[in-house]
Amino acid sequence: MLNRRGILGLAAASLLSGCGFQPLYMPTASGKAGVAQRELAAISVGVIHERAGQLLRQALQERFEASGVTAPRAYELTVTYGISGEGIGIQPDTSISRIRLIGEANWSLTADDPLHSRLVHGRAKAVDDFDILNQQLFGADLSTGVAQQRLADALAEQITIQLSVWFRQHAAATSG
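Using my numbering, you'd call the opening residue of the sequence shown number 5 and step up by one each time.
Hints listed in this document are in silico derivations from the structure and should not be mistaken for laboratory results. Glycine included, each C-beta is placed from N, C-alpha and C at the ideal position. Among the hints, a few may not be true.
Unchecked claim - Okay, derived cross-link-like pairs now, EDC-like style, lysine to aspartate or glutamate, Cα gap no bigger than 20 Å in a straight line: (1) K129 to E54; (2) K129 to D157; (3) K129 to E108.
Claimed, not checked - So the derived label-pair ranges between C-beta atoms look like this: (4) S101 to G72: 38 to 48 Å; (5) L119 to P96: 54 to 64 Å; (6) P118 to A70: 23 to 33 Å.
When you get a sec, could you build the whole thing from the sequences and use the hints?
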């Protein structure tokens, strides 16, 4: 007996299949990696400065290599990344008890050709926050690091999706 969620899932699947929906990372009919997976595997991520940038670079590389596909490098991804912060929890004594971090990344994908042709560029933004306990500096440092990791993961996911969509659209435009 199907439960309510199962019935809704089947209904959604039948509606989506009728409109031509295909999963973004769908393999080909032969079972090989799809366009997005192959092209993501061919991206080399440039150095992103500072610790927060290193976290973002590592998160991007993990996503690009997640499919296990090996491909010769054909693209260079350049990312400029910055984090700003603001106090959002203010105590009566004007001390800050909660901080919001805003991570913004501007990225550009270039071809690995002699002209370094710029193929596509985009922007990603993520917000995270954490509490600061009274005079707990070690805890605040630890919370900052964890929040920076969450920002890096969120931004890497956005960039990966944007690139995957572009690769799928570009492949569809050049093949048909």
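Item to complete: Would you pick out the hints that fail for this structure and give their numbers low to high?
Response: none
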